[in-house]
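Turn these sequences into a full structure, and let the hints steer you where they fit.
Just so we're aligned: the sequence shown equals residues 1 to 46 in UniProt numbering.
A few of these clues could be false.
Restraint ranges, calculated between C-beta atoms of paired labels, are given here [unchecked claim]:
1. D10 / E34: 19 to 29 Å
2. L5 / R28: 30 to 40 Å
3. G33 / N13: 28 to 38 Å
Okay, derived cross-link-like pairs now, SDA-like style, lysine to any residue, Cα gap no bigger than 20 Å in a straight line [claimed, not checked]:
4. K26 / L16
5. K29 / Q18
6. K26 / I36
7. K26 / L15
8. K29 / S14
Keep in mind that the hints were calculated from the coordinates and are not lab data. None of the values given here were measured: they were computed from a predicted structure. Even for Gly, the Cβ is constructed at its ideal location relative to N, Cα and C.
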Amino acid sequence: QDPSLMFSEDDQNSLLEQYHLGLDQKCRKYVVGELIWNFADFMTNQ
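Here you go:
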């Protein structure tokens, strides 16, 4: 599968999928929750 365009919606989706998989592995060991924080939502030149 081709990598998604940087900062695109597909890129954000891919990032969050991997982020949550990583946190799921740590669940019940020392991670007690997850929070998505979006500082800014705008497109910039790559």
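Hint-by-hint comparison with the structure:
Taking 19 to 29 Å as the suggested C-beta distance range, the pair D10 and E34 conforms, at roughly 21 Å. Distance hint check: the CB atoms of L5 and R28 are about 35 Å apart, consistent with the given range 30 to 40 Å. Distance hint check: the CB atoms of G33 and N13 are about 21 Å apart, inconsistent with the given range 28 to 38 Å. This hinted pair checks out: K26 and L16 have alpha carbons roughly 15 Å apart, not beyond 20 Å.
Between K29 and Q18 the CA atoms are separated by roughly 18 Å; this keeps the pair inside 20 Å, and the hint holds. For the proposed pair K26 and I36, the alpha carbon gap of about 17 Å is at most 20 Å, so the pair holds. A C-alpha spacing of about 17 Å is found between K26 and L15, which places the hinted pair at or below 20 Å, so the restraint holds. Between K29 and S14, the direct Cα distance comes to roughly 24 Å. Violation of the 20 Å bound is thereby established for this hinted pair.
Consistency note: the structure conflicts with the earlier hints numbered 3 and 8.
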